[in-house]
Amino acid sequence: MKHLSIFFLFILLFLGFAGCDESFNPKEEFQPKIIVTGLLKADSSRQNIVIQKSYDIPGFDPSQNTTDPFISGANVVLKVTNRKRNINATHILRDTSRARAVGSKYPGPMPFYTTTMSGFNKITARDTITLIATLPSGENIQSTTIVPEPLNMEINRTVLTTAATKQNIDRFLFTWTPIDNAQGFMYYPRMRIYYDQLENGVVTPKNIEVPIAGFGEGAERTFSYPLFSKSRYQDYLFALVDEVMRDISKNDVNKQNFYVRYAKFDLMVYDVNFAKYYSSINGFLDDLSVRIDEVVYSNIPGGLGFLGVTKLYEVTMPIDLDYTSSFGYRVTPFR
Amino acid sequence: MRIVILLFALTIMVSAQTGTVRGFVADSTNGEALAFANVIIEGTTLGAATDIHGYYIIPLIKSGKQLLKVSIVGFEPRVIPITVVANKITQINVNLMPMSIELQELTIIGEKTVKQNETNVGLQTISAKQVEMLPRGLEADVLRTLQYTPGVRSTGDVTGRYYVRGSRSDQNLITLNGATVYNPYHALGIFSVIDPEIVNVMEFYKGGFTSQFGGRLSSVLNIVTRDGNKKRYEATGAMSLLSGKFAIEGPIPGGSLMVTGRKSFFENSMNEFINKQETPFEFYDLSFKVNYSNPEVLENGKFTVHGFISNDAVANKDINKEDYTFANSIFGVNWYQVWASPLYSTMSFSLSKFDAEVIPNKSRSKPRRNEISDFSSSWDFTYMYDSKDELGVGFQFKILSTLLNQESLRGGTTELDQTGLDMGFYIKYKFMRFETLGIDLGTRVNLTNAAKHVASFLEPRVSVTYAPYESFRLKGAFGIYTQSLFTLSDENDLISIFEPWILTPDYIQPAKAVHYIAGLEYFLTSQLSVQLEGYYKDIQNQPDLNPDKFTADDPDFISATGESYGFEASTKFQSSSVFATVGYSLSWAFMDNKGFRYAPRYDARHTVNIIAGLSIGLGIELNANWSFSTGMPFTPIAGYYDRVIFDDVWTPDPVNNEYLAVTYFGSRNSKRLPVYHRLDMGLSKKFDFGFARFTFDASVINLYDRENIFYFDKDTGERVNMLPIFPSVNVKVEI
Numbered sequence: 268m269k270h271l272s273i274f275f276l277f278i279l280l281f282l283g284f285a286g287c288d289e290s291f292n293p294k295e296e297f298q299p300k301i302i303v304t305g306l307l308k309a310d311s312s313r314q315n316i317v318i319q320k321s322y323d324i325p326g327f328d329p330s331q332n333t334t335d336p337f338i339s340g341a342n343v344v345l346k347v348t349n350r351k352r353n354i355n356a357t358h359i360l361r362d363t364s365r366a367r368a369v370g371s372k373y374p375g376p377m378p379f380y381t382t383t384m385s386g387f388n389k390i391t392a393r394d395t396i397t398l399i400a401t402l403p404s405g406e407n408i409q410s411t412t413i414v415p416e417p418l419n420m421e422i423n424r425t426v427l428t429t430a431a432t433k434q435n436i437d438r439f440l441f442t443w444t445p446i447d448n449a450q451g452f453m454y455y456p457r458m459r460i461y462y463d464q465l466e467n468g469v470v471t472p473k474n475i476e477v478p479i480a481g482f483g484e485g486a487e488r489t490f491s492y493p494l495f496s497k498s499r500y501q502d503y504l505f506a507l508v509d510e511v512m513r514d515i516s517k518n519d520v521n522k523q524n525f526y527v528r529y530a531k532f533d534l535m536v537y538d539v540n541f542a543k544y545y546s547s548i549n550g551f552l553d554d555l556s557v558r559i560d561e562v563v564y565s566n567i568p569g570g571l572g573f574l575g576v577t578k579l580y581e582v583t584m585p586i587d588l589d590y591t592s593s594f595g596y597r598v599t600p601f602r
Numbered sequence: 096m097r098i099v100i101l102l103f104a105l106t107i108m109v110s111a112q113t114g115t116v117r118g119f120v121a122d123s124t125n126g127e128a129l130a131f132a133n134v135i136i137e138g139t140t141l142g143a144a145t146d147i148h149g150y151y152i153i154p155l156i157k158s159g160k161q162l163l164k165v166s167i168v169g170f171e172p173r174v175i176p177i178t179v180v181a182n183k184i185t186q187i188n189v190n191l192m193p194m195s196i197e198l199q200e201l202t203i204i205g206e207k208t209v210k211q212n213e214t215n216v217g218l219q220t221i222s223a224k225q226v227e228m229l230p231r232g233l234e235a236d237v238l239r240t241l242q243y244t245p246g247v248r249s250t251g252d253v254t255g256r257y258y259v260r261g262s263r264s265d266q267n268l269i270t271l272n273g274a275t276v277y278n279p280y281h282a283l284g285i286f287s288v289i290d291p292e293i294v295n296v297m298e299f300y301k302g303g304f305t306s307q308f309g310g311r312l313s314s315v316l317n318i319v320t321r322d323g324n325k326k327r328y329e330a331t332g333a334m335s336l337l338s339g340k341f342a343i344e345g346p347i348p349g350g351s352l353m354v355t356g357r358k359s360f361f362e363n364s365m366n367e368f369i370n371k372q373e374t375p376f377e378f379y380d381l382s383f384k385v386n387y388s389n390p391e392v393l394e395n396g397k398f399t400v401h402g403f404i405s406n407d408a409v410a411n412k413d414i415n416k417e418d419y420t421f422a423n424s425i426f427g428v429n430w431y432q433v434w435a436s437p438l439y440s441t442m443s444f445s446l447s448k449f450d451a452e453v454i455p456n457k458s459r460s461k462p463r464r465n466e467i468s469d470f471s472s473s474w475d476f477t478y479m480y481d482s483k484d485e486l487g488v489g490f491q492f493k494i495l496s497t498l499l500n501q502e503s504l505r506g507g508t509t510e511l512d513q514t515g516l517d518m519g520f521y522i523k524y525k526f527m528r529f530e531t532l533g534i535d536l537g538t539r540v541n542l543t544n545a546a547k548h549v550a551s552f553l554e555p556r557v558s559v560t561y562a563p564y565e566s567f568r569l570k571g572a573f574g575i576y577t578q579s580l581f582t583l584s585d586e587n588d589l590i591s592i593f594e595p596w597i598l599t600p601d602y603i604q605p606a607k608a609v610h611y612i613a614g615l616e617y618f619l620t621s622q623l624s625v626q627l628e629g630y631y632k633d634i635q636n637q638p639d640l641n642p643d644k645f646t647a648d649d650p651d652f653i654s655a656t657g658e659s660y661g662f663e664a665s666t667k668f669q670s671s672s673v674f675a676t677v678g679y680s681l682s683w684a685f686m687d688n689k690g691f692r693y694a695p696r697y698d699a700r701h702t703v704n705i706i707a708g709l710s711i712g713l714g715i716e717l718n719a720n721w722s723f724s725t726g727m728p729f730t731p732i733a734g735y736y737d738r739v740i741f742d743d744v745w746t747p748d749p750v751n752n753e754y755l756a757v758t759y760f761g762s763r764n765s766k767r768l769p770v771y772h773r774l775d776m777g778l779s780k781k782f783d784f785g786f787a788r789f790t791f792d793a794s795v796i797n798l799y800d801r802e803n804i805f806y807f808d809k810d811t812g813e814r815v816n817m818l819p820i821f822p823s824v825n826v827k828v829e830i
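Residue numbers (my numbering), protein chains in the order written: chain A, 268 to 602; chain B, 96 to 830.
No lab work stands behind these hints, which were simulated from the structure alone.
None of these values were measured; they are calculated from a predicted model.
Derived EDC-like pairs: lysine to aspartate or glutamate, alpha-carbon spacing no greater than 16 Å straight-line: (1) Lys308(A) - Asp743(B); (2) Lys294(A) - Glu813(B); (3) Lys766(B) - Glu295(A); (4) Lys308(A) - Glu416(A); (5) Lys448(B) - Asp512(B); (6) Lys766(B) - Glu296(A); (7) Lys308(A) - Asp748(B); (8) Lys372(A) - Glu753(B); (9) Lys294(A) - Asp808(B); (10) Lys358(B) - Glu377(B); (11) Lys294(A) - Asp323(A); (12) Lys780(B) - Glu829(B); (13) Lys547(B) - Asp601(B); (14) Lys497(A) - Asp649(B).
What the simulated footprint calls covered on chain B by chain A, stretch by stretch (three residues with Cβ under 8 Å from a Cβ of chain A suffice, anywhere in the stretch; the number is not a length): (15) 729-735; (16) 738-749; (17) 754-764.
Ideal Cβ placement from N, Cα and C applies to all residues, glycine included.
Based on the provided sequences and hints, a complete structural model is requested.
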């Protein structure tokens, strides 16, 4: 009996021990990384770069971090080269800062690096931009991107009207092609109609975006708008343009309170690096992919973040007066 | 050449004095076929085991009076005097009487096979009885039963999903009466759709399966359901905390009929089961099987019509959450025929459909829908020569249609509508003429592939058994396997709700695997046996998520490579009142995705399963199971940083836009969770009361309340554990 008691005591001790929790740390040993946020704008002489370091915190909620990870005091250089333009320039960025919003968790202003207006020329198509940064700690980081090449843009109708034609077309069609047919860029199109509205004696400039599809009827009616994609065209059905034109004044019986000025087609172009970065954090992955580990694109070797370029194209379409008057709108601007 | 002539001459001389005995073995109380029964000629080394139809054939028996001994666990053995006629086939059908509850001893299938040289590498046979005897957990479950097998791994307490020898779960073929089951899980994998009550027998190949099976890279689970009671009408009902079920069966003219159904009602009890999460699961399944085997019309033949439907719903009560529905529907016809010559054949037609749908309601989800339709037919013929050699040939075709409709979060729609034809045949020759050597040599010939590309025109398979001693066998197998379908899922996902099946996209080749297996089996005593098996599996063109998919236009999948290798050891002890198995596996699994090599989530270095059962008489059985496993790989948190938010794509600016603190991760699956271990115990008591038989089961899962980690929430760092200590009770009534 004594032996049996010892046996059961042993079993109980084993089970008690085995049932215990084991310490578990879902983190690996922390190795700080440099993060670059470098979004350059083509055809601009003002470029901003933000540099920070990753951090660790005792728990798992990074919003609790109050130690400013943004880095000042680094030497940041942008090199612009373009053989065709015979450019090989180096620009030292100015170490500066901006005030943070009231209530920010970080003390002091937010440091960043910017080009000096006088010393930096606009970056243009096909320029190769290299960022070289030396941090106060002595660490170096380097990244390169190329400004997207120019686009050939075409529109099937240059004036805003949906009047019937012999060609029997039923939509506006915008197409664009990179001159060298380069791949990897992403495009974000948008068509808006700009108008003035007289409200309580005050003329207010407004605009409304044209959708690419409409669903449902009446109060349930919803619309969808273009997305960023690699597609090189965008069309807008005349019927939806007409619907938007009507919607401009749907809450006002006096149509003479409206003057439609023009329509504008905007096309934002993301270079290869920013396209991948933006896609990876904005979930434009189709749902074929099921991932639990977030994959964020980076072209910062050894670090995180990106160096990329955007370029905005704009095409303005004048309004056809017969078309705007068909909705009862003014054909002359407000004075 | 002289040797061949001599061999034929010897064969003719031997067959001149010998005859063949064949027949069917069945349960005397209900006529149900008894698979894997041992049938031997007393005083000789001649014998056979019945197949899944209860059929046996023994050639080369010396003519004259002999004693035929038939035995299987749970039944009273019979010795039948027979007269063997030279050069004739004598048919002996045998009915065995089940042992009474009081006499029934704890038993298990898998005992020493009568054919020393049987080529059965990687095969495990599991009867319904074995499913019943294993620790139940919450309920007896056919797929969870497999997880006690060395080399089979699960990634959680609450899932029946299984991974075999370092392969993905969608590389396991599951067939029900010959028809493919595409969604074998209820309630996100907590249960399998196959109710153990309807199962007669299961064949489970962990690898190295012969050329008869194709279409999957890893394993085959062939489930044959019961025919239904051929002698009397019977109704069975059972209830547990989670579900209720019924079965009605009985004779019909020339055959039998069985109808079963099961319905969940576990919303409250499941809250405990899955960590107090909401459990909006509902499911039901229904099956029927009509068996016609009238010897006056169809001598030695059996014609069956079977059907199965299962339906699952994840119905959130919150309109802001999405709902899911899943449905299987299977209809099939089988004709099994033993011909006048030592030839038997199986012909089958089946239609298996799977539908899954995501209903977004008012949530941010988008509607998604997947359909797969599989119309298959196969003709299999096996001819046994007097030399005991077997020739098997078969023709198989499968028309596969998959449809996937889905919309991305930004409105982009995807429609994948694919149809393809898998057509081919197999041929295999089983050398069984030598007492100590068996060789199964065959190949599949793929004439067409449902995917655009044919991974391999030939799929050669070899399986060898060498038994130098009665108690010792060496085994080996080699084979090439291909697969044209796969599921759109990430095996690193913890619980995948929507896992559509699609054909391999045109831009990648269908997956292909090569198996190398070697092992030995040693019977130390009649009660104690040891099995050792090693394997290496090389996988090519395995579809894996494209790590460089950053835009919608980038391909979702790339062809990855993989390999797995390991060693498995198991020992079984079986006496009149005690049954115990100890299984251990040491394994490695790797994937190589664009040069990055990592261990997938189902990789486990060490796995131990100890199962023990004790029969203490009066129909009372005690059982226990202890499982141990190395922790699963996971991707660790590497740190945090502030990421800019570009809310307005038209004016993105790194200085003036807001920043949000986010987590970033280390290398994929570079750390492991703590080890997993758990002890379950159960007690079962059977008793007859009046006209009914009651079975009472009580079990406790995770007896010592081990806190096994299931996952950690990467946003909050919260640790979510698997099952805590959980008692459960089942009651079954048979009338």
